[in-house]
Structures are given as C-alpha cells and as structure tokens.
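**Q** Each chain is listed here by its residues.
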Amino acid sequence: MMRRVLSLLSVCCGLFSVSCILSSVCYSQDTTRGVRIGLTYAPGTRPGVLIVPVSGHNGDSVRVMLGRDLDFGDRLTVIPTDSGDAPSGPLNYPVFAALGAAAIAQASVTPAGSLHVVVHDVGGARVLGVIDFPLPSPALGGEWRFTVHRGSDEIERLVTGSRGVAATRAMYEHAGSLWIVDSDGAQAHPVGGTEGGLSPTWHPSGRYVAYQQLANSGHHTIVVKDLTGGSVARSFSSGHTLNMSPAFSPDGNTLAFASGADGTDIYSVAPFGGGSPTRLSSGQGTLNTNPTFSPDGRQIAFTSGRLGHPEVYIMDADGTNPDLLTTTAFGDQLYRSDPDWSPDNRRVAFQSQVGGVFQIMAISLRDRSVQAFTSEGRNTEPSWAPDGRHLLFTSTRSGTAQLWVLDTESNRTRQLTHGGARMGAWSPRF
Amino acid sequence: MIRRCARLVLVPAIVMAAGACFATRNDVRTLQGDIAVLRAENLRADSVHRAQFQQAAVQVGAVSDSLRSLNAFLARFVSDVSRFQGDLSVTLHQFGQQLLTVQELAGQTQKRIQDVKAQFERQEAELATAAQPSAAPAAQGAAGGPPTGPAQLFEAADAQFRKGSYAVARSAFEGFLEQFSNNDRAAEALYKIARSYDLDGIAISADSVYALVVEKYPTKAEFAAPSLYKRALAAKAANQPAKAREYFQKIIDSYPRSLEASLAPDALKALPKRP
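Order-wise, the sequence lines are chains F and E. No gaps in the numbering here: position 66 of the first sequence is 343 in this note's numbering, and each next residue is one more. No gaps in the numbering here: position 46 of the second sequence is 472 in this note's numbering, and each next residue is one more.
Honestly, I wouldn't trust all of these hints.
From the structure, some residues in chain E lie toward chain F, with a derived Cβ separation under 8 Å [stated by the list, open to error]:
id, residue
1, V507
2, Q511
3, K589
Since the hints were derived computationally from the structure, they do not count as laboratory data. All C-beta atoms in this analysis are idealised placements derived from N, C-alpha and C, irrespective of residue type, glycine included.
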C-alpha cells in the first residue's frame, strides 16, 4: 500500500515537473519568437483540459488528434504534458487541478478496436461522461481518423455543453475539380467526376452536394451528386445558359440557385423530385445571386444589384417582401455580396469591399450591427461552421488563395489548405 | 678561307652571347632590392585589405545587430497589436452582448410596449378630463392625439418584428390596431400580423389575416398584392389549383405593377393544367 502511494506520488510529481518544464519551454519559445497570434482568455472562459497519455494501439496518434481538435475548437485550452505511460488506477484530481485542468480526457484504444474515452470533471472530482466509438479499419485511415474526430466533439460537448465541429469536412474548388478536406486539414482528396465544378454546397444530410458545373456546351448547369455512391442524383437548369450558386434549404427539400442570361434571378426547385424551377426574385435584368436559407427555411438572404451596386437582401422563401439587409452606412465601397446565414440565426456573414479589397464581415439580425473579421489580404466567400461560431473563407494572406478558418469569438485564424483552394463550403455535422 | 672567316665571326658572337647570360653582383643586388620593395608593398596591401575586411565585418555585425533589434521590436509590436486586436474584439463583443441585454431590458419587450400603451392611454384620459366642458376640443384632442403615440407604438412593434420576436410583435401590432384602426399604417400593421404568423409557421392563421388585408385594404397594393400571392401559394400547397389560379390572375389584373405581378405568370405556368 505504502509503495503504491509512493509510486503514485512520484508519478504525479514527475508529471508536474515535466509540465512545468514544457510550459517554461513553450513560454521561452513564445518570448524569443516574440509573436503570439490570438487571445489570452480570462480564466474560466476557456477551461483547461488535460489529455493523459492514451493506452492501446496507435494511442499516441489518438492523443495528438484529440489535442489538436480541442485546440482548433477554440473553447478549451489543451494543457501540454509529456508522453509517458497511460495512468492506471484512480486519478489524483487535486494534482490535475494544480496543473490548471478543469477536465481530464482519459482515452484508450481497447483490444477490440474501440475508442474509449472517460471525461473527468476535476473540480467536481467525478466522471462527466464515458464515450465509446468503434474504430473502423484500417487504423489511421480516413474513417478511423473521422471517428477520433467524433470523440473530440463529444469531449467538447461534455466539458462545454457545445458539441465541436471536428467531425466535419469542407468542400472546395482546386485545379478545376471539387475537393474534400477534413476539418483539421488532413485527408484532402478530389471528388471524382466533378471536373469543371464550382460553388459547392452541402445537403443537410451530408450525403449529397450540389454545385455549378461548366459543361462542354459552355452552359453552366446545377448538379446534385450523391457522395456515397458517386452518382449524379440530378442535373438541371432553369432553361438559361447560366445556372450558379446553389443552396439547400435546411430541410433539404428545396434547392435555390441563381439563373439567367442578362442578369440573374433566384429560382427554387425540389432537388430530388420532379417539377421545374420556380422563379423567386424579380431582378429585372440585375444580378441576383448567392441565395442562403435562414435556419427555419422561411427566408432567404441573397446578393442583388437592384440598387445599382451589389448589396445583401432578405426575402421570404417564396420571393415576397425583399428587404435590404446591408445598409450603406459602413465600409467605403458600395459592394457587399456572398451572404451566408449563420446556423444559430444570429448573423449573416458576407464579403464587403474596404479600400478596394474584399473583407469578411457579419451583420447581426437583431440590431443590424456589423462586425469586421479580417483585414489582411483578400478575404472572400464566407461559410459558417455548424456551430455558428467558426467561419471558413478564402484568403490570399499567405500569398496564394487558400482556405482559412476563423473563430469569430477570438478572431483566431488557422490555415486549412496549402495547395490552393477557393469557394469553400463547410459541411454539416456527420 | 671561308671557313676561317666564319670562325672569326662566330667566336666573338658566341662570347658576346655567353657574356649576356651572366649577371653582375650589382644586378643581383638591384633585383633583391626590387623583390624586397615588392614584398613590402604586398604586405602593406594585405594589411589594408585585412583592415578593410575587419571594418566590413564589424559593419555587417552592427547591421545584423540592428536588424535583430528591429526584428525584436517588430515582433513586440506585432504581439502588442495582436493582443490589442484581441482585447478590442473581446471588449466589443462584451459591449455588444451588454447592449443586447440592455435592449432586451430597456424598452423593447412586450411589457415595455404595454407600458407605453398604458401611458398613452393615461395621457389621453387626462386630456379628455381636462377638456370635458367642451365636446369639440375633446374630439380634436382624440383625433390629433399625442404626437408620438401611434408612431411610437408602431416602431416598438416593428422593432420586435425586425428582431424576429414575432409573437411579441404580433401582440404589439394588435394593440396598435385597437388604438389606431384608422391610422395610415394600419394596413401595414395588419400585414405584419399576417407575416408574423407566416414566419412563425402558423399557416392557417397567416392565411386568414392575409385574406383580411386583401378585403380591408384592396387599394394598398404594396400589402394587398403580396397577401394575394401568399394566399395563392397556400392554395397551391393545399392542392387547390383553381383557387391559386384565381389569386394569381387577380394579382396580374389588379396590381400589374407590383413585384408579385412579375412573378405570377411563372407561377401560373407551373400550376397543373385545367382538367
């Protein structure tokens, strides 16, 4: 008994000392480099979570992925520790509390091949919840990694009450095709048969995508593609040569898109049934594009040039009651476009020209106040994450057009793609 | 004879040539002096170059130090700016949240609207009491009313509508109509009651109020035309194409310059053909 207590104490002391060394190393790196992008949150607003070493096959990979996902989630501070052996026996909560941990994620890969995570509440000295996900084969493959992302999202939900967005993907255009990448920037791969694809959008189920495709005839059509089988579910146009910027309604039963020849209007159509597209807007020769549905599906925000310059409008989903959303009382250029309605129904993100360069902004639907999020490089095509907190957008800040992720609460950004990308669309949760 | 002459010429020539190959001691000294001078000049040149190199190295070091210092300054500056941006962002966000809370608490709730309404009613009663001896001024006061009364009530209701608080907005618009049924904005208030039902997904109530808008305010095209259009779409969704056709056609005939009149022809075409 005495020996066990002593060994536990020595392990804890070792953990504490390694943590101190690590933190001091990190601090010294920060100070010598001199640059720290991001915010230092006040204690309590971003609880510390400590991921103890993961036992089982590929435990180190699981631990790295969980830590990275929780860091990218921007709701938790991941406390760095060494990569020793997984702790056995009951955890000593006061020691972890001294390390600044509000929660502990104790994960293991079981011999049966499942991801087993126990989340501890350090303050309450109790188990918050237990997560079990069967890990698919092959290990470290795409689906295996995605399952670990699901585990990260559940840890975030247990600790903060909000589910994370690690188990999501982004679709984008690269080199004339559509590509998919995981939310952590891994597993980027092209989607077969999408050559000439532009402006992708996800069906709420995550099973289908719709996009604009340039055919050999020079006509742009809207294509709805089944990602599970790779087949085209439906391809259509309104009869005009230009059909673009599709968007699914939240129930997935309606697809809105822009179509026209001299000027475009917003049309809607049942994406999987019959019936021809119905015109919703009456732009009378002006450009009306980029529809995006409100979360209840009863309204649509879109870009219209009916005032002589592009602005963002809102109309009822049947086309009535169009109303200017972006007033001209901000910014120095009369150009606002590419709206995306936030899933929490609080804001509409859009791109606005400032000094001739597009920047990402969002307008509150409650009081019409505008918040600017970017200032470096050209930033366009915002797309909300399912949590209504993170935004995906195209930026040239690194020299080439790439996808970036922005946390709208802290303004922290990270680069998602590195091989060139644009027209990003954030998927729903899978 | 010829051979003797040749010998006489060749022998002095050979002697002269051989003599030229031997330097005198003086020549050697001169040469040694030249070499010493050359060596000294080379050494001097080397030391000058070395000094120049050393000076250049010192300058490079100084520039390097300056650059390092500048880099550190820039790094600190960037760090400060990032921190400032972050702090500002948090402050603005907190401010925005507080503002929303203040707005919630300070006058845009249903209670506030009711308070305004009650206050208005009290003022109206006071005016009526004060003007009781003469009936004519009372009528004038009622007709004129307080200058901000109806507008204030309408704006309060409309603010709720814009915020998406449709139930509260509906209640406020109903209060407005109870008080000012003949006001210029009564049609708009009724239309917004219908829309509030519509946006809340209460389709049957919405349709009945849209019908009321068309019935009560047929000359107000900006509200009657969309109301008819909404009714037509509701009829179409309820599988009543004949009724939908009637409404769409009425929009085209009665409100040809409305937005809905430009949409109605397409909607008519999309209806199933008559049996």
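**Q** State for each hint whether it applies.
**A** Each hint, compared with the structure:
Violation of the interface hint for E/V507 is found here, the shortest Cβ-Cβ separation to chain F being roughly 10 Å, above the 8 Å cut-off. Evaluation of the E/Q511 hint against chain F yields a held restraint, the C-beta minimum of about 6 Å falling below 8 Å. The closest approach between the C-beta of E/K589 and any C-beta of chain F is roughly 5 Å, which is under the 8 Å cut-off, so the hint is satisfied.
Hint 1 from the list above is the single one not met by this structure.
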